[in-house]
Amino acid sequence: MSLLAVDELTLGFGADADVVRQVSFELGAGESLGLLGASGSGKSLTALAVLGLLPPACQWRAGSIRFEGRDLAGLAPGERRDLCGGAMGLVFQEPFTALNPLMTVGAQVAEGLRLHRGLGAADAAGQAAAWLDKVGLQPGLEKAKLYPHQLSGGMRQRALLAMALACRPRLLICDEPTTALDATVQAQILGLLRRLQGELGFALLIISHDLAVIHALAPQALVMEKGLVVERGPVAGILAAPQSPAAARLLRAYGMLEGDSMSEGQGG
Amino acid sequence: MAAGRAFFRGPTLVAGLGLGLLALGALLAPWLAPADPDHIDILGRLGAPGLSHWLGTDALGRDVLSRIVYGARVSLAVGLTAALGSTVLGTLLGAISGYAGGWVDELMMRGADVLMCIPSLFLVLTLIVVLGPGIYNVVLVIILTGWTDIARLVRGEVLSLKQRDFVLAARASGATPARVLLRHVLPNAMAPVYVSLTFGIAGAIMMESGLSFLGLGVQPPTASWGSMLSEGRESLQEAWWLVVFPGLAILATMLLINQLGEAARRHFDPKGGL
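From first to last, the protein sequence lines stand for chains A and B. All the letters of the first sequence, read from the start, carry residue numbers -14 to 253 under my numbering. All the letters of the second sequence, read from the start, carry residue numbers 1446 to 1719 under my numbering.
This is chain A alone, in the form it adopts within the complex (with noise of 0.2 Å):
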C-alpha cells in the first residue's frame, strides 16, 4: 500500500475552470516525487489539498486523497490536525514570511512537539534544540533563542526544516524549498534534505518549476501545466528528453536544454 495516492483529484475555484484536473500520483513510504510546472500549473494547489490547506474560495470537486489508506476528505477537523505536522510536515517557498516574526526558532520547532508528542515545556525546548543541531543550525541552544530577523535566508530555511520534522513525519512537502535562496544555499539546503531524508526515511514530495531542484532529490518527477499532468516518468528521462512541450519550456528556460530560450513568447 502506497502512503499518499491522490487519484482523479479536480479542483476549482467558483465559475471559473478547473484548476488542477484529474491529477493522480501514489507516493511510497520512504520514496520521492517531484511535482514540476511553472507558476499556476497547479502544483502548489496539489500539495495545499494534500494537508487539507486549501484557500477557503477552492472548491474540491472530484477524487480522492489517501494517506495510509485513510481518505483524507472523510477526516474530522482533529484528526486532520493530528495528520498535519503529525504525519505530514510542509516547507515553504519563502523563508522570509514563513516564520513568526514574534516568536524564536526554537519556540516555533517545539510548538509542534508539544503539540503532537505532548511533551512539556523543558522537553519540547531540549529536543527542539536537538533538531535545530541537526539541520545545521549549530549550537542549536543557542540559535533556539534567535528571532527569524536575526537569521539570513539559508539559516530560515533550515529551521523551518526542522519545525516540519520535529515530529518525524512520514511525508515531507517541499514547496519550492529552494527558490528564494542563492545558488550556494540552495546547493546546501539541498544537500541537507537528502541527508536527512537517508537518516529519516520520510517520503518527499518536492515541488518546483526547477528540474535541477527535483533531480537532486527525486529519481520520478509529474510535469504539471493548467492543471494537467503532462508527463511523468523517470526525471534523467525527462532531462534528457522531454516529451512535453511544458517540460521543454521549463528545461530551456533553465538553460537546460539546447534551442533558443528566452525569446519565446509562448512560457508562462
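Everything labelled a hint here was simulated from the structure, so no lab data went into it. Nothing here was measured: the structure is a model prediction, and the numbers come from that model. Some hints here could point you the wrong way.
[Stated by the list, open to error] Facing chain B, a subset of chain A residues (Cβ under 10 Å, in silico):
hint, residue
1, PRO40
2, PHE77
3, ALA83
4, GLY97
5, LEU131
6, PRO133
7, LEU136
8, SER137
9, MET148
We put the CB at the ideal spot given by N, CA and C, even for glycine.
Dock chain B against the given chain A, drawing on the hints supplied.
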C-alpha cells in the same frame, strides 16, 4: 532593553516620567495630600491660594490641592480600566470577526456599524441615564461604546495576517484555530492596538470628566476633576482657582498621554518616519 531606551527619550521620556509621577501621586494620595479632601471648613470657604492651602479652598472650604490629588485616582482609574476594557473587548471581537469570516464577521461588523453611526456622547448619555449615574456605570458604558474602533482595526490586521505564510505554516503544523489565532495572528496584530490604547485612555479620562461635569459620573462628595470643574463653575467670579487648577490637571494629563500615544504611533510606524 535597547528597544525601551530607544522609545523613551526626549519629550517621550518627559511624558513617561510625568505620567509615572501622576500615577504614583494618585496611588499615594492619602500620604501626599496635605488635607482630607472631604473635610468641610465653612469659615475658610473660597480661600485664595496661599501658604495654608496651596491651591486655595472651594465653596465648602475643602482643600483644592487635596481634591485634585484624590481626583487623579478617579480619573486615572476610570481612564485605565475603561480603555483597557474596551481594548480587550474590541481586540477579541475584531480578531474573531476577521479570523472566522463569513456570517460571524458580517454580524459583528454590522453591529459595530450600528454603534458607530450613533454619536458616542449621545449614546453614552442615554446608557448612563438608563443604568443610573456612578463611577462603575461610567466605566461600563465607555467599554460598551468604545470597542468598535479597535475591533475594526484588529479585524483589518487579522484579515491581512491570516494570508501570511507563517500562519499557514502554523496550520500546517496542526495547531487548532484558537491556537493559531492567539499565538500567531494576534501578537502580530497588536502594534496599532497599543497606539490606540493610549489615545483611548485619554478619551476615557475626557469622557469621565465630561460625565462628572454633567453630574452623571462620580457622585459627591467624591472628588473628580470633572465634578470639581462643575462645582467651581458656580463660584467662578470670585474664585478662579476652583476651575483653573482642575482644568490644568486635565489638560496636563491629556498632553502627556497624547505625547506618549504619538510616540507609540511613530515607534510602530513601519515607514519609520519621525
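Here's how the hints hold up against the structure:
| no. | hint | result |
| --- | --- | --- |
| 1 | PRO40 | holds, 9 Å |
| 2 | PHE77 | holds, 5 Å |
| 3 | ALA83 | holds, 4 Å |
| 4 | GLY97 | holds, 5 Å |
| 5 | LEU131 | violated, 15 Å |
| 6 | PRO133 | holds, 8 Å |
| 7 | LEU136 | violated, 14 Å |
| 8 | SER137 | violated, 17 Å |
| 9 | MET148 | holds, 7 Å |
Of the numbered hints listed earlier, those contradicted by the structure are 5, 7, 8.
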